[in-house]
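Novice: In the order they appear, the protein sequences are chains X and L.
Per UniProt numbering, residue 1 is the first one in the first sequence, and the count goes up by one each step.
Per UniProt numbering, residue 1 is the first one in the second sequence, and the count goes up by one each step.
For the record, the hints were derived by calculation from the structure and aren't laboratory data.
C-beta: ideal position from N, C-alpha, C; glycine also.
There's no promise every hint is true.
Unchecked claim - Cut-off 35 Å, straight-line C-alpha distance, at most; resulting in silico cross-link-like pairs (DSBU-like, lysine-lysine):
id, chain 1, residue 1, chain 2, residue 2
1, L, Lys15, X, Lys14
2, X, Lys69, X, Lys31
3, L, Lys15, X, Lys31
4, X, Lys25, X, Lys69
5, X, Lys46, L, Lys15
6, X, Lys69, L, Lys220
7, X, Lys80, X, Lys42
8, X, Lys80, X, Lys69
9, L, Lys44, X, Lys52
10, X, Lys69, L, Lys90
11, X, Lys42, L, Lys44
12, X, Lys3, L, Lys15
13, X, Lys46, X, Lys14
14, X, Lys25, X, Lys3
15, X, Lys52, L, Lys59
16, X, Lys31, L, Lys59
17, X, Lys42, X, Lys25
18, X, Lys79, X, Lys52
19, X, Lys80, L, Lys15
20, L, Lys59, X, Lys38
21, X, Lys69, X, Lys52
22, X, Lys79, L, Lys15
23, X, Lys14, X, Lys25
24, X, Lys25, L, Lys44
25, X, Lys14, X, Lys80
As the list claims (entries may be wrong) - Facing chain X, according to a computed beta carbon distance under 7 Å, are these residues of chain L, among others:
id, residue
26, Tyr24
27, Leu27
28, Val28
29, Ala31
30, Cys32
31, Ile63
32, Val64
33, Val69
34, Ile71
35, Phe72
36, Gln74
37, Ile93
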Amino acid sequence: MSKDSQMRAAINQKLIEMGERERLKELLRAKLVECGWKDQLKAHCKDVIREKGLEHVTVEDLVTEVTPKGRALVPDSVKKELLTRIRAFLAQHATL
Amino acid sequence: MKMEDMPLSGPDNTKLEALVHDIYSELVEDACLGLCFEVHRAVKQGYFFLDETDQESMKEFEIVDQPGVDIFGQVYNQWKNKECECPNCKRLIAASRFAPHLEKCLGMGRNSSRIANRRLASNNNNSKSESDQEDNDDLNDNDWSYGAEKKAKKRKSDKNQNSPRRSKSLKHKNGDLGKSIISEPYKYNYNTGISYESLGPDEVRSLLTTQCGVISEHTKKMCTRSQRCPQHTDEQRRAVRVFLLGPSAPSLPDADPVVESDSFDIPEGQTLMNHPQWEDSPDISPTDSASSKASTNHSDSRKLKKKKRMTLNLNSGVGAAAAAVVGGGGGIGGVGCLASGSSTSGGSSQSSISLPSKKKRPKLSAASISSTYHDLN
């Protein structure tokens, strides 16, 4: 298992070093804005805030409310594209 | 997602897939976190709910989704079918065509003057070709009709003589022949080049004395620019003359720029006084403007000089009849001028004759005018 985690660590490191992680992040953000995911989630945030009261909202509140919904709301096309890209990167650079 | 795409072996695949998914989840969580931070900051800074006001105002600016209306609720082609009455001509014009129509109708605006000028010019040309039509009252004025007459004659001669000199000298005239400047450019545009094959030896010789004449390789046409045109060298000009006229061709009339500028007009007019009128007087009757026609029939190159003389006379402010007289005399002078030109083979000789006698010209012309007035009366 440690090999596994080692491998993971190595791959993650490679992702960051080559700048691929940043690129993937930007790509995902752009796609989510395009497909309206961000606006949907923002509307959800508004509800949460109105619920909790404007003054007492904390980051943790928001995170716990928003993240699961956010994960669920990502459209399939975006998910597929990102997975493909990650796989391609691993195929190129993974040393096993 | 097909596992067969992976080049790696079985057990590693699942791990790899798991890894891929993990990486993906991390990325998504990062995005969500980013959003949360953004929202939280907006809440705490107080600008989160800024785009929402009270319900009433919200209703006002709601997006409209009806047919025939844009999202703001405005009708698109509201003014398209409306007609307006023109205050000038009292016609009903469509709204979108109203502004251009007003421009033309009132005679203001940039295009209307241009079109009016063009129409006048073409009407002048047409009135000569359609002989005795007096449609255009503008042409009843003696001066104008005389100008139109000359232009008609010139047009016929233009077909034989593709010389830029014509339009060149026109450019120097101002005032009276404003129209000629408009109609003449039409002709100038046609004469971008001459094919030497279509000209006789005389024409070629006369052309070569006035123009550069170098034959372009692309178009096989002679250059119609002046003797000193910067595109071609003297060597080229000499070569063309040898080629076209044989080895015994007259040398290039070069040197004095005076020869080619508009002062050419003055030498022409003066030489008429210098050279006795014995040369062609039997052929030309001075009182007849047709005398100019007679003189032009003699040689092509004379037409050049004749036109310039005509215009020069007009500029000196003499009346139409007197202009005809002096023009007739000018035809004679042109002949004499050319005779001297061909025999001495030099514009320099012409200019040498002309320069000293420049001052004599006006008095001489006045004398001749007064004498011919007596004749007329």
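Novice: Run every hint past the structure and note whether it holds.
Specialist: We went through each hint and held it up to the structure:
1. Distance restraint check for lysine 15 of chain L and lysine 14 of chain X: the Cα-Cα separation of roughly 18 Å lies within the 35 Å cut-off, and the hinted pair is therefore satisfied.
2. A hinted pair counts as satisfied when its Cα atoms are at most 35 Å apart, and lysine 69 of chain X with lysine 31 of chain X qualifies at roughly 17 Å.
3. Our distance criterion of 35 Å between C-alpha atoms is met by lysine 15 of chain L and lysine 31 of chain X, whose separation comes to about 27 Å.
4. Among the hinted pairs, lysine 25 of chain X with lysine 69 of chain X is consistent with the structure: their alpha-carbon atoms are about 19 Å apart, no more than 35 Å.
5. A threshold of 35 Å between alpha carbons decides the hint, and for lysine 46 of chain X with lysine 15 of chain L the separation of about 39 Å lies outside it, so the pair is violated.
6. A threshold of 35 Å between alpha carbons decides the hint, and for lysine 69 of chain X with lysine 220 of chain L the separation of about 81 Å lies outside it, so the pair is violated.
7. Taken as a hint, the lysine 80 of chain X and lysine 42 of chain X pair is honoured in the structure, with Cα atoms around 23 Å apart against an allowance of 35 Å.
8. Only pairs whose Cα atoms come within 35 Å are accepted, and lysine 80 of chain X paired with lysine 69 of chain X is accepted, the gap being roughly 18 Å.
9. Pair hint lysine 44 of chain L plus lysine 52 of chain X holds up; C-alpha atoms about 14 Å apart against a cutoff of 35 Å.
10. Between the alpha carbons of lysine 69 of chain X and lysine 90 of chain L the distance comes to roughly 70 Å, so the proposed pair goes past 35 Å and is violated.
11. Annotation: proposed proximity of lysine 42 of chain X to lysine 44 of chain L holds, straight-line Cα distance about 15 Å (limit 35 Å).
12. Our distance criterion of 35 Å between C-alpha atoms is met by lysine 3 of chain X and lysine 15 of chain L, whose separation comes to about 12 Å.
13. At roughly 38 Å between alpha-carbon atoms, lysine 46 of chain X and lysine 14 of chain X are farther apart than 35 Å, so this suggested pair is violated.
14. Distance check on the hinted pair: lysine 25 of chain X and lysine 3 of chain X sit about 27 Å apart at the alpha-carbon level, within 35 Å; holds.
15. Pair hint lysine 52 of chain X plus lysine 59 of chain L holds up; C-alpha atoms about 26 Å apart against a cutoff of 35 Å.
16. Only pairs whose Cα atoms come within 35 Å are accepted, and lysine 31 of chain X paired with lysine 59 of chain L is accepted, the gap being roughly 31 Å.
17. Distance check on the hinted pair: lysine 42 of chain X and lysine 25 of chain X sit about 19 Å apart at the alpha-carbon level, within 35 Å; holds.
18. Among the hinted pairs, lysine 79 of chain X with lysine 52 of chain X is consistent with the structure: their alpha-carbon atoms are about 31 Å apart, no more than 35 Å.
19. For the hint linking lysine 80 of chain X to lysine 15 of chain L, the alpha-carbon distance of about 18 Å falls within 35 Å, and the restraint holds.
20. At most 35 Å may separate the alpha-carbon atoms for a hinted pair to count; lysine 59 of chain L and lysine 38 of chain X meet this at roughly 24 Å.
21. For the hint pairing lysine 69 of chain X with lysine 52 of chain X, the CA-to-CA distance comes to about 17 Å; that is within 35 Å, so the pair holds.
22. A threshold of 35 Å between alpha carbons decides the hint, and for lysine 79 of chain X with lysine 15 of chain L the separation of about 19 Å falls inside it, so the pair holds.
23. The suggested pairing of lysine 14 of chain X with lysine 25 of chain X holds, with an alpha-carbon distance near 15 Å, which does not exceed 35 Å.
24. Annotation: proposed proximity of lysine 25 of chain X to lysine 44 of chain L holds, straight-line Cα distance about 26 Å (limit 35 Å).
25. For the given pair, lysine 14 of chain X sits about 22 Å from lysine 80 of chain X by alpha-carbon distance, which is consistent with the 35 Å threshold.
26. Given the 7 Å rule on beta carbons, the hint for tyrosine 24 of chain L holds: about 6 Å separates it from the nearest Cβ of chain X.
27. Against a cut-off of 7 Å between C-beta atoms, the interface hint on leucine 27 of chain L holds, since the closest Cβ of chain X lies about 5 Å away.
28. Restraint check, valine 28 of chain L versus chain X: the minimum CB separation of about 6 Å is within 7 Å; hint holds.
29. Of the supplied interface hints, the one on alanine 31 of chain L holds, with its beta-carbon coming within about 6 Å of a beta-carbon of chain X, less than 7 Å.
30. At about 4 Å, the closest approach between the beta carbon of cysteine 32 of chain L and any beta carbon in chain X falls short of 7 Å, and the interface hint on this residue holds.
31. Because the beta carbon of isoleucine 63 of chain L sits about 15 Å from the nearest beta carbon in chain X, more than 7 Å, this interface hint is broken.
32. The closest approach between the C-beta of valine 64 of chain L and any C-beta of chain X is roughly 21 Å, which is over the 7 Å cut-off, so the hint fails.
33. For valine 69 of chain L, the interface hint is violated, since its Cβ never comes within 7 Å of a Cβ in chain X; the closest pair sits about 25 Å apart.
34. The beta carbon of isoleucine 71 of chain L comes no nearer than 18 Å to any beta carbon in chain X, farther than 7 Å, and the hint placing it at the interface is violated.
35. Because the closest C-beta pair between phenylalanine 72 of chain L and chain X is about 22 Å apart, greater than 7 Å, the hint is violated.
36. Violation of the interface hint for glutamine 74 of chain L is found here, the shortest Cβ-Cβ separation to chain X being roughly 27 Å, above the 7 Å cut-off.
37. Annotation: interface hint on isoleucine 93 of chain L violated; nearest CB of chain X at approximately 48 Å, more than 7 Å.
Checked against the numbered hints listed earlier, the structure breaks hints 5, 6, 10, 13, 31, 32, 33, 34, 35, 36 and 37; every other hint is satisfied.
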